[in-house]
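These protein sequence lines map, in sequence, to chains A and E. When the letters of the first sequence are read in order and numbered with the working numbering, they come out as residues 1 to 154. When the letters of the second sequence are read in order and numbered with the working numbering, they come out as residues 1 to 153.
Rather than coming from a laboratory, the hints here were simulated on the basis of the structure. Please note that a few of the clues may not be correct.
Looking from chain A toward chain E, a few residues come up when the C-beta cut is under 8 Å (computed) [said to hold, decoys possible]:
{"hint": "1", "residue": "13"}
{"hint": "2", "residue": "16"}
{"hint": "3", "residue": "28"}
{"hint": "4", "residue": "30"}
{"hint": "5", "residue": "39"}
{"hint": "6", "residue": "40"}
{"hint": "7", "residue": "45"}
{"hint": "8", "residue": "48"}
{"hint": "9", "residue": "58"}
{"hint": "10", "residue": "67"}
{"hint": "11", "residue": "71"}
{"hint": "12", "residue": "79"}
{"hint": "13", "residue": "80"}
{"hint": "14", "residue": "113"}
{"hint": "15", "residue": "117"}
Ideal Cβ positions, reconstructed from N, Cα and C, are used throughout, including at glycine.
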Amino acid sequence: MEVGQMQRRLVDYTKSLFMEGFLDAQFLQLQQLQDESNPDFVVEVVSLFLDDSEKLLNDLTMALDQPNVDFKKVDAHVHQLKGSSSSIGAQRVKNACIAFRSFCEEQNIDATLRCLQQVKQEYYLVKNKLETMLRLEQQIVAAGGSIPMIELGF
Amino acid sequence: MNPSNGNGSMSTASSSGAWDGRDQFPAGLRVLVVDDDPTCLMIFEKMLKACLYQVTKCNKAETALSVLREHKNEFDIVISDVHMPDMDGFELLKHITSEMDLPVILISADARKQVVMEGVTYGACDYLIKPVRIETLKNIWQHVVRKKARNTV
Numbered sequence: 001m002e003v004g005q006m007q008r009r010l011v012d013y014t015k016s017l018f019m020e021g022f023l024d025a026q027f028l029q030l031q032q033l034q035d036e037s038n039p040d041f042v043v044e045v046v047s048l049f050l051d052d053s054e055k056l057l058n059d060l061t062m063a064l065d066q067p068n069v070d071f072k073k074v075d076a077h078v079h080q081l082k083g084s085s086s087s088i089g090a091q092r093v094k095n096a097c098i099a100f101r102s103f104c105e106e107q108n109i110d111a112t113l114r115c116l117q118q119v120k121q122e123y124y125l126v127k128n129k130l131e132t133m134l135r136l137e138q139q140i141v142a143a144g145g146s147i148p149m150i151e152l153g154f
Numbered sequence: 001m002n003p004s005n006g007n008g009s010m011s012t013a014s015s016s017g018a019w020d021g022r023d024q025f026p027a028g029l030r031v032l033v034v035d036d037d038p039t040c041l042m043i044f045e046k047m048l049k050a051c052l053y054q055v056t057k058c059n060k061a062e063t064a065l066s067v068l069r070e071h072k073n074e075f076d077i078v079i080s081d082v083h084m085p086d087m088d089g090f091e092l093l094k095h096i097t098s099e100m101d102l103p104v105i106l107i108s109a110d111a112r113k114q115v116v117m118e119g120v121t122y123g124a125c126d127y128l129i130k131p132v133r134i135e136t137l138k139n140i141w142q143h144v145v146r147k148k149a150r151n152t153v
């Protein structure tokens, strides 16, 4: 596949992530921060987010698995995930966290367990999407092309 | 280390390291950013550097406080997350306002009015809701200038 085709495929793929709500405008802020002095910024911050979130999700799973659930602790973890996901533009993860927090306040164990499943699902989905997108970018760069800027006109 | 000329609240004379907004205004603004979340901290650092600020980052409030105490006149402004495990942003804010004369901006994903109110009441010069955009950070120098103007009366 030649570079132009790869670039078009990347643009279409990235646009679909915005259209389907996986990413929001905050992600564009990150792309704009990337420049020649820091060409791997997006890859680095996305990897950091994905690794750190996985840890948070494990902590959440453990916290909700206790006989006496410490909802304050659970809420603190969810709050952190909400902050990092919103900062990176992972919209669906962020929205799942918002719902999660309201059930934490109610100390509703069944609902919070369902929320945890929901957040995990959104996390794995966005992880998959972001990794695919970054792989496409890598292929373009490896073939000597440049990564096209996304214009969101909708 | 820059030799500091005494009292942090005197704004007229500037030591060699002080930011007085003259030449490359507001580039060179000396910012300390505190957040226990590594993703957020990395993004803030990059955004602040893109604003041409001089950035020091910390992932613990306790560490931030010792840095500020040891290097009193080497920072112009502090940006801190609210919810942190060891010491939260409010406590850090209280220490800073009582011990030093630095403007503090609080940041949080928590937009509840009572929390924002608490921050502002305790002396935060601003309270930003995550996600923070770079455009917002480009304007934080105003808090430094405003504070200095109030102090030189």
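Hint check results:
no., hint, in the structure
1, 13, "23 Å, violated"
2, 16, "22 Å, violated"
3, 28, "10 Å, violated"
4, 30, "7 Å, holds"
5, 39, "13 Å, violated"
6, 40, "12 Å, violated"
7, 45, "5 Å, holds"
8, 48, "5 Å, holds"
9, 58, "16 Å, violated"
10, 67, "23 Å, violated"
11, 71, "15 Å, violated"
12, 79, "6 Å, holds"
13, 80, "6 Å, holds"
14, 113, "22 Å, violated"
15, 117, "22 Å, violated"
Consistency note: the structure conflicts with the earlier hints numbered 1, 2, 3, 5, 6, 9, 10, 11, 14, 15.
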